[in-house]
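Number of protein chains: 2
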Amino acid sequence: MRESSIPEEVCKVLDKVVGQTYGELHEPYFSKDEEDMLIECLKSTFVSSVSPYTEKFEEDIARFTGSKYVVAVSNGTSALHSLLIACGIGPGMEVLTPSLTFVAAANAISYTGAIPHFIEVEEKTLGIDTVKVIEYLSDKLIRSGEVFINKETGRKVVAIVPLHTFGHPCDIDGVMKIAKEFNLLIIEDSAESLGSYFRQKHTGTFGLGGILSFNGNKIITTGGGGAVITDDEELASRVKHLTRTAKIPHKWEYNHDLIGFNYRMPGLNSSLGLSQLRTIEKKIEAKRKLYQVYEKEFANIEEVEIFKEPSSTTSNYWLQTLLLKKDNVTLRNAILETSHKWGYKLRPAWTPMHRLLQFSNCPKMELNVTDSLFARIINLPSSPQIVLSRLDN
Amino acid sequence: MRESSIPEEVCKVLDKVVGQTYGELHEPYFSKDEEDMLIECLKSTFVSSVSPYTEKFEEDIARFTGSKYVVAVSNGTSALHSLLIACGIGPGMEVLTPSLTFVAAANAISYTGAIPHFIEVEEKTLGIDTVKVIEYLSDKLIRSGEVFINKETGRKVVAIVPLHTFGHPCDIDGVMKIAKEFNLLIIEDSAESLGSYFRQKHTGTFGLGGILSFNGNKIITTGGGGAVITDDEELASRVKHLTRTAKIPHKWEYNHDLIGFNYRMPGLNSSLGLSQLRTIEKKIEAKRKLYQVYEKEFANIEEVEIFKEPSSTTSNYWLQTLLLKKDNVTLRNAILETSHKWGYKLRPAWTPMHRLLQFSNCPKMELNVTDSLFARIINLPSSPQIVLSRLDN
Chain A
1 MRESSIPEEV
11 CKVLDKVVGQ
21 TYGELHEPYF
31 SKDEEDMLIE
41 CLKSTFVSSV
51 SPYTEKFEED
61 IARFTGSKYV
71 VAVSNGTSAL
81 HSLLIACGIG
91 PGMEVLTPSL
101 TFVAAANAIS
111 YTGAIPHFIE
121 VEEKTLGIDT
131 VKVIEYLSDK
141 LIRSGEVFIN
151 KETGRKVVAI
161 VPLHTFGHPC
171 DIDGVMKIAK
181 EFNLLIIEDS
191 AESLGSYFRQ
201 KHTGTFGLGG
211 ILSFNGNKII
221 TTGGGGAVIT
231 DDEELASRVK
241 HLTRTAKIPH
251 KWEYNHDLIG
261 FNYRMPGLNS
271 SLGLSQLRTI
281 EKKIEAKRKL
291 YQVYEKEFAN
301 IEEVEIFKEP
311 SSTTSNYWLQ
321 TLLLKKDNVT
331 LRNAILETSH
341 KWGYKLRPAW
351 TPMHRLLQFS
361 NCPKMELNVT
371 DSLFARIINL
381 PSSPQIVLSR
391 LDN
Chain B
394 MRESSIPEEV
404 CKVLDKVVGQ
414 TYGELHEPYF
424 SKDEEDMLIE
434 CLKSTFVSSV
444 SPYTEKFEED
454 IARFTGSKYV
464 VAVSNGTSAL
474 HSLLIACGIG
484 PGMEVLTPSL
494 TFVAAANAIS
504 YTGAIPHFIE
514 VEEKTLGIDT
524 VKVIEYLSDK
534 LIRSGEVFIN
544 KETGRKVVAI
554 VPLHTFGHPC
564 DIDGVMKIAK
574 EFNLLIIEDS
584 AESLGSYFRQ
594 KHTGTFGLGG
604 ILSFNGNKII
614 TTGGGGAVIT
624 DDEELASRVK
634 HLTRTAKIPH
644 KWEYNHDLIG
654 FNYRMPGLNS
664 SLGLSQLRTI
674 EKKIEAKRKL
684 YQVYEKEFAN
694 IEEVEIFKEP
704 SSTTSNYWLQ
714 TLLLKKDNVT
724 LRNAILETSH
734 KWGYKLRPAW
744 TPMHRLLQFS
754 NCPKMELNVT
764 DSLFARIINL
774 PSSPQIVLSR
784 LDN
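Chains A and B, in that order, are what the protein sequence lines are. Following the working numbering, the numbering of the first sequence begins with 1 at its first residue and continues without gaps. Following the working numbering, the numbering of the second sequence begins with 394 at its first residue and continues without gaps.
It is worth saying that the hints were derived from the structure and are not from the lab. Just so it is clear, the structure is predicted and the values come from calculations on it, not from any experiment. Note that beta-carbon positions come from the ideal geometry of N, C-alpha and C, so glycine has one too. A portion of the hints provided could be inaccurate.
[Stated by the list, open to error] Only pairs whose alpha carbons sit at most 25 Å apart, straight line, appear in this in silico BS3-like list of lysine-lysine: (1) B/Lys675 x A/Lys43; (2) A/Lys140 x A/Lys156; (3) A/Lys341 x B/Lys640; (4) B/Lys738 x A/Lys251; (5) A/Lys32 x B/Lys436; (6) B/Lys738 x B/Lys718; (7) A/Lys326 x B/Lys549; (8) A/Lys345 x A/Lys325; (9) A/Lys289 x A/Lys16; (10) A/Lys364 x B/Lys640; (11) B/Lys738 x A/Lys247.
[Claimed, not checked] Stretch-level coverage of chain B by chain A, calculated; a stretch enters the list once three of its residues show a Cβ under 8 Å from a Cβ in chain A: (12) 645-657; (13) 704-713.
[Unchecked claim] The following residues of chain A were derived to be distant from chain B, with all beta-carbon distances above 12 Å: (14) Asp15; (15) Arg63; (16) Tyr136; (17) Ile142; (18) Phe148; (19) Asp257; (20) Lys289.
Working from the sequences, and respecting the hints, build out all of it.
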């Protein structure tokens, strides 16, 4: 196909599959149940930070993910921030995380005083390239007792924060191997992967703790919200304490024993989450079906492909991904430009962290695949309504 | 009166004025309008961080407070944190704030890397004792060019964060005098004083910027929420940028030029705030009336008095305050203990910041009045419903 005609061909497929109504990247899906839950919460007056709705939402998320403990908070960023602190991450330490991630991960690491150390991703999962990373760390780190030190910076490298990019589980087996080899804590950024599984086990449950996001563009939303999930009782209790201004429980006294945070999820938001979670299976099914439709319809444009869930995983297909087969920023931008004119809010990947000024001095390995994927990824409209609205008609 | 009979006498007054239904310290007041706004927001799908409901709420808060610019955020803590950073507060600096405050103020200062420096309050406003503070600073600070240095710590003292305690405006004239004398920024903690005025001008509008809270216990609630208010366009724009992950506006690119925060108020919460604000005058009127009722009914117990708004101010009377005339922690605790048994959730003041372990090494002046007030303050049930429910009947 002539390169100049590809953007228009992409839009024609979107016209066929999506239609203008669902041209946003990801819109929330609400029904009467959401209305009822909000009104119930309002009538109870428990709309704020001490609320049975938040406790119930935590129980439901625990059941759904198979985690023992859940702490619901204001968003995915505050979830990661409080989890990192509860794990003991702080100044003078380095935390490994992909450069191809949302800025919130690198920000949350920075809030603790630790330094993000950017690592490479692989094409088959869009997540950490565990083979290259093991090789890199073997050369880069030196053991000192129980910990490993970055030979160049002299700082302890203490944790790894894998991302399940666009909902697709990364190579968790490989991540666990890295963690074992270099004595690292695993803190899973599963902000995008609620309802995604690696060998039938929910993402976010493989490390010491994981985090979720319920932002408006996620598979379920609480308006704004997030959660920490973990099987470690002591860790959950530290996160809960930190996110409630570190207040020592007492009938009336206001004592606090740490510099804590005001991160608790309000009951109003939890009540929305409770009803959202009830239809998650239906939404995932619709999103998995959408992958099949996109895969079939884009097959005729040979310069592109639709990203498929990695083997051994079941993905929630949060954001559908069109991949250019070759690095071509010009073509990528032309597709983005044309699609926006046609009413489809296509989006490239986030600018990789190592290219942002505020993180440009952070340690990093060679990031060729990251740079290549950045030039090739285009996220497509992914709302479950695209499929559900057809089934309803 | 015999000291041992005072707790029971206090509870008898509460039985007469309050009744068990409104025994909590402060409960939100909702009507059908709140339900309608939530449903409208849900139907619009704009429940999350990009929402016309948040923009509208900001406009309404601007109009109500007489501020030019408002940025709605996740809570009062994040409002103060982002405002401090936007004002250039950071490591190596000290920020003056009363020790008699909620822990969030000292926490927010700490998040920036600055050190809280605790100052004394006065009995007639429960806010900063500006006379004593001027005297203290004259002795404690030394000028170095445009700034003043703490002679003992060597750090720059750059800002003062007055609190309008329990809704009562502090001595703002005096605070402005201090700020002028020592070249300090004024950042007003008006978390508790929405609807309170100092000489007909809204609290939070006297300094460079102020913050509000819409937590569940406040005079209006958004479930969880807060706002920065300011007349400075450039400052408002920095706060907005910081609280939106410092994303550079673009149709599709994800670039960020600072370590920012995920602090934006979700539309769902803003929609609740929109309807809450419509009845604020009614709530303030009820709360001011409640003061008169308490004042009259407690007049028979000579060991106590009800705190009255300072002269030149109009207070929202957010939390009604019973003051023991003499320091007496034993009596205070007996009243708290008995009232809780009777179903009234009375509360002492927050433990002063200089008594918390995490702030025990922070610089401070003599805090005798703070310690005395801590032994004497008891907050009473203050919901507007206490009065409104009678008017409705």
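Non-conforming hints, listed in increasing numerical order = 7, 13, 19
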